[in-house]
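Trainee: Sequence:
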Amino acid sequence: MTALKKDIRKAAEEVAEEWGFSSLEEFINHAVEERIIELKKHKFIEKTDTIKDGLKKRGFSEKDILKEFEKSRSSA
1 MTALKKDIRK AAEEVAEEWG FSSLEEFINH AVEERIIELK KHKFIEKTDT IKDGLKKRGF
61 SEKDILKEFE KSRSSA
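My numbering puts the first residue of the sequence shown at 1, with every later residue one more than the last.
What the hints contain is simulated information worked out from the structure, not anything from laboratory work. Some hints here could point you the wrong way.
Capping the alpha-carbon separation at 30 angstroms, the derived lysine-lysine pairs in DSS-like fashion look like this [what the hints assert, rightly or not]:
1) K5 x K57
2) K67 x K57
3) K63 x K52
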């Protein structure tokens, strides 16, 4: 694992203890997992916004898209 700056390590140790993590490593793993999830969500939102903008430029409304989605679900 990469060494932490002193002030970050101290803060992480305090938070880990306060929140009942069994070790600093467990807390760091949890924190990194949470951050990865946040970044993936952000990337997903960016992609869906790009798709949404493209559909709007082509004249589709949210209602149109939902109607088509429901139509495809019921025919499946």
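Trainee: Among the hints numbered above, which are violated by the structure, and what are their numbers in rising order?
Mentor: Of the numbered hints given earlier, the structure breaks just one, which is hint 1.
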